[in-house]
Structures are given as structure tokens and as C-alpha cells.
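Engineer: Residue numbers (the numbering used here), protein chains in the order written: chain A, 1 to 278; chain B, 279 to 435.
Among the hints, erroneous ones may be present.
Listing some non-contacts, in silico: residues in chain A with all C-beta distances to chain B over 10 Å [said to hold, decoys possible]:
| id | residue |
| --- | --- |
| 1 | 9 |
| 2 | 52 |
| 3 | 102 |
| 4 | 112 |
| 5 | 150 |
| 6 | 177 |
| 7 | 185 |
| 8 | 196 |
Straight-line Cα separation of at most 30 Å, DSS-like style, residue types lysine-lysine; simulated pairs [as the list claims (entries may be wrong)]:
| id | chain 1 | residue 1 | chain 2 | residue 2 |
| --- | --- | --- | --- | --- |
| 9 | A | 241 | A | 270 |
| 10 | B | 293 | A | 89 |
| 11 | A | 17 | B | 293 |
| 12 | A | 17 | A | 31 |
| 13 | A | 259 | A | 241 |
| 14 | A | 31 | A | 112 |
| 15 | A | 270 | A | 31 |
| 16 | A | 89 | A | 241 |
| 17 | B | 293 | A | 241 |
Treat the hints as calculated values from the structure; they're not laboratory data.
Heads up, the beta-carbon is just placed ideally off N, CA and C, and yes, glycines get one too.
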Amino acid sequence: MIERTDPWIPESYHIVKTWREIPDTFTMELKPTDGREIPRFASGQFNMLYVFGVGEIPVSISGDPSQRGILTHTTRAVGAVSRALCDLKEGAVVGVRGPYGSHWPVAEAMGKDVVIAAGGLGLAPLRSAVREIVAARERFGKVSVLYGARTVEDILFRRELEGWRARFDLDVYVTVDHADAAWRGSVGVVTRFVARAAFNPEQVVAMVCGPEVMMRYTARELEKCGVVDDAIYLSMERNMKCAVGLCGHCQFQQFFVCKDGPVFAYHRVKSLLAKGEI
Amino acid sequence: MDVSPTDLVGHGFLKGMAGEQLAALATCGAGYRSYAEGEFICREGANADEFHLIEHGLVALETTAADRRSLVMVTLEGGEVLGWSWMFPPYRWYFDARAVAATRTLALNGALVRAACQNDPQLGYELTRRIARVVIERLQATRLHALDLYNTHPPRK
Ligand SMILES: Cc1cc2nc3c(=O)[nH]c(=O)nc-3n(C[C@H](O)[C@H](O)[C@H](O)COP(=O)(O)OP(=O)(O)OC[C@H]3O[C@@H](n4cnc5c(N)ncnc54)[C@H](O)[C@@H]3O)c2cc1C
Ligand code: FES
């Protein structure tokens, strides 16, 4: 582990490679400009990415935790900073602070079945977890990956999903909300697939990431199948500034999402999720 | 091929149903149907004289958009039920249903099932309860679908 001197000061990284995944979403690979190793991270953690002169935003790490030389982020261009980030070209320098926050319970899931449910860009923070699980596949029970996207064109990491689907030891369900007759796959909300996935509800860990409504209903479907709420994990998003639990910007009732999250056991946030404004 | 009550109980929709009720359903014109990829199982507006318990495959419920493109509303898979237009007049299919992949179904004759339910209210209640459950699940999924979750983002705090 690299010792960080000051958590407020971003380290400079240059963009080694950047590419468009789907129309508004880009993946970039970063390396420290001074050739150091990247800090160790766990699946589900995030970094604060600083576009100089524009601003800083939290972005989950979408790469493999065991890949030590490269830091991978997948970002959707939605506003000033994320757009500027996606516009950067190879060779450009960005500031990186992190990794921060809690992580997916991959180690806790060993010996159990695993359900990974992602909606839209929610697959980015979960990809790290899937890669970790695939790398040590024999240590887990049945593994199901359920993924829902808006349209066929919005399917993130399509090639990788196909690769996972081709494996005999992963059950992969991909569905889209809108499609025409040219699409040969499933259409409908991803929550429908929970009941179809093969898992032992008493011996399963579920990891869910996507829009809050999708996570809430996926968690309910899991509960309907008999999964207890402390075996379900969700990743929450809130606006962030400091990312180290000081400014209160990311407060979610009694929690600071940057420090206590972003990955929470469902039983901790269940009552808060149903409320409109907190 | 003849359909026995045991064939019927193997389908998720009828799981746990009493033996005599399954036996009654097995006499309702039950038969296996196979559809090749791309083949229509039913067409919008046509008589809904059958409904299908999907054994395996993938079925798209479709309608035609103004530009004549077929839009898929939802897909159904093995273990699911296709069709409830047979229950109520005018007994006409509301959408097209097309096999997206090779599909096998167990079809039941709507008029005969209605008559069997009329004769045996217990069977009628049991079947209606099961269909209501499917309808509720589909309605809930449709509501979520209508939210277009991945287009808009939850309000940021
Ligand atoms: C822990 C954590 C992990 C995250 N991981 C990722 C990730 O891996 N990839 C990624 O792309 N984003 C991720 N985000 C979201 C990302 O931080 C925001 O999209 C970003 O902060 C938006 O800043 P902006 O300046 O570009 O847009 P802003 O100017 O802040 O917002 C512009 C517009 O976009 C809307 N908006 C803001 N955030 C989002 C959003 N997340 N999705 C859709 N619309 C939004 C706003 O409501 C506003 O209308 C994560 C957020 C958190 C808290
Ligand atoms: S971002 Fe400052 S407390 Fe979480």
C-alpha cells in the first residue's frame, strides 16, 4: 500500500488510453505521472477525479483490483465536470484522490452463491467485483449476473458481458427496457430476473448497483425470494466535496456516503431509501 | 402428443395445483406447440382461442409503431404464461406474440378452460388467483418500466 501524504491533494495521473463505451460513456485508463504504483483499492471504492480548472467528481473504479499498474474509470458525461473528463484525450493529466469508501463484500461472499444486479451505469462499479469473482471462481457457489440497460445501444461492457455469458459457471441475464424486433434478447425490467436466478436464499450475497429506484425494487425482489436484508448490499450516490467525512456534503441521514458508503448493507439504509427527501 | 396432468404440473404457473384440477385442465384441448425463431404465435386482433404456458424459448410481445417498426414491449420466457385475452370478451389478442428463439409451449383451449371453470368454481378460483398474481407482477414491472429508470437520474441531494 502506498502511503498518502495528504488526502486533500490530488496526485497527478495521465490518461494512457480512453475510449467510448456507449454514446455518452467513456472508459479511461490512468497511470501516475511519476511512475509510482497505484494505491491498492477494493471493488466498489471510488476516487475523486479532478479536471484541472473545472472541478472534481467522485467516480467508482471500474477496473480489476488485482491489476496494479493501471487505474480504470468509466464515466458518463452528464454535467460540467464529467463532460470535461470525457472530453480529455490520451496524454492529458488529471488529479486523483482516493481510493475512498466502503467496498463490495467479495471476501464475505466466498463459499456462498452470489447475485450481482446492475442497472445502467451501475455495472461500472460492479465490474470490478465480477472480475474478482471470476478470477477466483471456484471459491464461490452459483454466480448470477443480472444486467438491465435502457436500450440495446446502452448496454455497457457488451463484449465482456458476452464473455461472461459464454462461461458455463456464470448465469448472465441481460435485458433492455426498449427494443425493436431486431433485438434477439430479453426486454423488460431487470428486477424480473431475480426470481429466475438460481441461488440458495439462505447462502447468498447480493450486490446491487443502479438508480435508487431500481436498487430498492431489486432488494424487494430478493427479499421476496427469502434473502435476508443483511445479505443484500447497495451502492449509494450523493454529491461529494471532501470525500473523507469532513464536509457533510454527502450526508444521508446519519451516514456520510463517502465514508460509511458508498456500499451499504441494505438493512442499514432500507428505511431511508423509501423516503422522498432526506 | 397427449398432455397428462403430470405434464401440466411441471410448469411453474400450475405448480402445486390439486391433482383433480390438473386433470380437468388436461382435458381442455391441451397440446404442445412448437414455434421456430421468428414465427408468430398470435397476431394482434386475432381470436384468442388459446393461451400458452411457455416451456422454453423466448417470446416477444410486440406492436407496430407508426413507422411500421415492430416495438417489443416485453419478452416472456420458459415458466411464464402467454395470454389472458381468452378470459374476457371479445377474446381477441391485444398484441402480437413472436418467438424470438425456438419456443415450445403447452397450449390450452380458452373456451374449454372457461367452461371447466364454470363447472368447477374451485378450479375457477384457483386459476383466477394464479392469473391475478401474474397480472399484478406484470403490472408492477410495467410501472417500473414506465419510469424509464436509466434515462432520468434520481434527484441529487
Ligand atoms: C460514490 C460515487 C460513485 C460514482 N461513480 C460513478 C461512476 O463510476 N461513473 C459515473 O459516470 N458517475 C459516477 N458517479 C456520479 C458522478 O459523480 C456524477 O455524475 C458527477 O458528480 C456529476 O458531476 P458533473 O459536474 O459532471 O455534473 P453536475 O453539473 O453536477 O450535474 C449536471 C446534471 O447532471 C445530473 N446528474 C448529476 N449526477 C448524475 C449522475 N450520476 N447520473 C446522471 N445524471 C446526473 C444533475 O442532476 C444535473 O442535472 C458516482 C457518484 C458517487 C457519489
Ligand atoms: S463528501 Fe464531505 S463528508 Fe462526504
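Engineer: All the hints need checking, so say for each whether the structure fits it.
Structural biologist: Quick rundown of the hints versus the structure:
1. 9: holds (26 Å)
2. 52: Residue 52/A clear of chain B: closest Cβ-Cβ about 23 Å, beyond 10 Å.
3. 102: holds (18 Å)
4. 112: The claim stands: residue 112/A keeps its Cβ more than 10 Å from every Cβ of chain B (closest is about 25 Å).
5. 150: violated (4 Å)
6. 177: violated (6 Å)
7. 185: violated (8 Å)
8. 196: violated (7 Å)
9. 241/A with 270/A: holds (25 Å)
10. 293/B with 89/A: violated (57 Å)
11. 17/A with 293/B: Cα-Cα ~53 Å, so violated.
12. 17/A with 31/A: holds (10 Å)
13. 259/A with 241/A: holds (12 Å)
14. 31/A with 112/A: With a Cα-Cα distance of about 35 Å, the restraint between residue 31/A and residue 112/A is violated, given a limit of 30 Å.
15. 270/A with 31/A: violated (38 Å)
16. 89/A with 241/A: holds (25 Å)
17. 293/B with 241/A: Violated, because 53 Å separates the two Cα atoms, which is more than 30 Å.
Hints 5, 6, 7, 8, 10, 11, 14, 15 and 17, counting from the list given before, are not met by this structure.
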